[in-house]
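The listed protein sequences derive, respectively, from chains A and B. Numbered continuously in the numbering used here, the first sequence closes out at residue 936. Numbered continuously in the numbering used here, the second sequence closes out at residue 233.
Incorrect hints may appear among the rest.
Stated by the list, open to error - Heads up, simulated DSS-like pairs for lysine-lysine below, C-alpha to C-alpha not over 30 angstroms straight-line: (1) Lys122(B) <-> Lys737(A); (2) Lys740(A) <-> Lys567(A); (3) Lys807(A) <-> Lys472(A); (4) Lys737(A) <-> Lys196(B); (5) Lys740(A) <-> Lys196(B); (6) Lys466(A) <-> Lys767(A); (7) Lys46(B) <-> Lys809(A); (8) Lys127(B) <-> Lys565(A); (9) Lys538(A) <-> Lys737(A).
Bear in mind the hints are in silico, worked out from the structure with no lab data behind them. Computed from a predicted structure; not experimentally measured.
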Amino acid sequence: MSTKPVPHAKAGAEFLQEKAHLQFHDERLWDIRQKRDHQMHILPEWQELRQKASEIKEHTLANLPEYLEQFERNAKANGIHVHWARDGQEHNRIVGEILSEHKAKSLIKSKSMITDECEMREYLEPRGVTVTETDLGERIQQLDDQLPSHVVLPAVQKLTGDVAALFAKYYHTDPNDHDPHSLAEAQRQAARPVILGADAGMTGGNFLVAETGTFVVCTNEGNADLSANVSGLHIATLGIERLVPRMSDLGVFIRLLSRSALGSPITQYTTHFRKPKKGGEMHIILVDNGRSDRLAMEQFWSSLKCIRCGACMNTCPVYRRSGGQSYGAVYSGPIGAIIDPTFNKEKYSTLPFASTLNGSCSNVCPVKINIHEQLFEWRRVLAEENEIPFVKKEIMKMAGKLLSSPRMYRAAISSTNIALKTMPRFVLYNAFNQWGKHRELPHPVSETFNHWYRKNRLKQSGQTSQQTGAGGQS
Amino acid sequence: MATHEPSARDVILGKLREKRVPRPTDYPLPGIVTLGDMDRSVKRFEDALQLLGGDIWAPQSGETLEDAVRRKFPDAGSICSATDEFKGTLKITDLKTLQEADKVDVMVVRSPFGIAEMGSIFLSEVELHDHLADVHLAQHLIVLLSRTALTANMHTAYQERQEFKTAGYGVLMSGPSATADIQGVLIRGAQGVRSLTVIWTD
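Can you make the complete structure from the sequences, with help from the hints?
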């Protein structure tokens, strides 16, 4: 693995040149953010749900070894094989061994961030295992040999024409057919024979339930239920932080997950696996890969509460305008920027700077991770350890100034949807800023920071306890 | 297994026990949460189901279930039934291979309960007679459901329905399979069923 820092700003600037892509990406993600807000507004209990979700996760993380043991006990009692992997390499070796014991050469899988994290396809393919992603977006990314761009929308950075070109190359479809319906149908038709002939199936998972030894997979396409059930062998890979104590806790998380992710009330499929199917074999791999180290980090352990909804990505003005590929990491966006450095501090040293610290990520987070504070904290840590170049240090001084002035900071983070939809101004008018250079192309900004600042400050006078916890001030 | 080298399991659990940065005493387990709308009406279920792309289909007066399904899918070649209360062209237990299941146009199942908040229906190995993949390989799904088998929301579902603790495989389906992975265009019918239709049986 390279330790050269990911050139995020440069890659992001390149994405800014792709005007059609940029505009779609920006608008698509903002639309999802608004759909999420709509769901929030129709549930009066939304903030209480977030609070409970946060408390349940904090409790679980504080008692993680005990709950993992409880989960293992129950899963084993139900006939599931439970494996533990310290890192990606160990994970891949375990998968390879299970497949080779079954002489399985064709593996179909549903989308799983953790198998990308472990670089599992790269390990299995040279060993003669054909790995086929069955989620449409993830398959598009696999064909294009790219990492997922987004935790729930892997190919959101692509336009229909890009998919048409890929499918023409690999599925021999008409390159001029730019109808998403016929392209999706082409994927269904191409995938079905592979699914029917697969030797083994693999899924990730969203939740582990300690009380029952269950794992839960939330998907929309039906591909996970097919991948898990068509063959006699189902391997599931989950991070050790995915636990909840009780079955009833799922009520809180399922209500929040898809609403936060896509603005839809629930995923089309919410599947609970508790036992191998009749005559079948089921394996769960519990993966650490840096999570136990992260849990021991005073400032950063709470990032393990993340349920991978992607709401922080959809709301982030930097992510929307730089695209997931520019992060050069499995996890992109604000959540990626705070967890990637725990995998490799040098390589991902640039990512905590891919933020305006506007706080929107924290406001929309369904499990209340203080993402923007952790972004700032990472900058401090990286600066102390001299991992950052001069320009970034300058930006950080500004952010530091801003954060050290509570009134100014409040003004920035309580900005309206309009302000967030464009760009928090303190960064926009920073001459060093890579984002500001291009900002005025897609959405011209008609007022200066000072103007905006005065106007908004005046507007807010008398509202000293303005709430910032609603995720959307809309 | 070599005894001199600690297992991955012991190493991971050992590391997790080493520092205990979030301290157990600081983070008590919250009580069981029951929040939100307790309405478990048919209307709420139908509205939620339709939002997620599912359909409601009502038999006309004097019409059998079989006739109603035939009217919905006049061109269907094979209609496969997973329940004794519906006579299809074949039974789910007749399906011997995945290839046979792949040819099923319409699958008819009975769901033990639905969730009004989400328009979700539940299926497990019990209703599917262990043919877990077959229901997802079929092109269309018809779900028979009782109006009295609705629970209000996800909290009540997980607290009241024992199936979550007894089923080996339990899926909540909320409308048909779907994707929006190509330029955000919503498409119903991705890898699983292309449509999901609920018929009330009482």
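These are the hints, each one checked on the structure:
1. Lys122(B) <-> Lys737(A): Roughly 25 angstroms between the alpha carbons, so the hint for lysine 122(B) and lysine 737(A) holds.
2. Lys740(A) <-> Lys567(A): holds (22 angstroms)
3. Lys807(A) <-> Lys472(A): Holds. Lysine 807(A) to lysine 472(A) sits at ~19 angstroms (cutoff 30 angstroms).
4. Lys737(A) <-> Lys196(B): holds (11 angstroms)
5. Lys740(A) <-> Lys196(B): Answer holds: lysine 740(A) to lysine 196(B) is near 17 angstroms, not above 30 angstroms.
6. Lys466(A) <-> Lys767(A): OK: lysine 466(A) and lysine 767(A) at ~29 angstroms, within 30 angstroms.
7. Lys46(B) <-> Lys809(A): holds (25 angstroms)
8. Lys127(B) <-> Lys565(A): Holds. Lysine 127(B) to lysine 565(A) sits at ~23 angstroms (cutoff 30 angstroms).
9. Lys538(A) <-> Lys737(A): holds (9 angstroms)
Of the hints listed earlier, there is not a single one the structure fails to meet.
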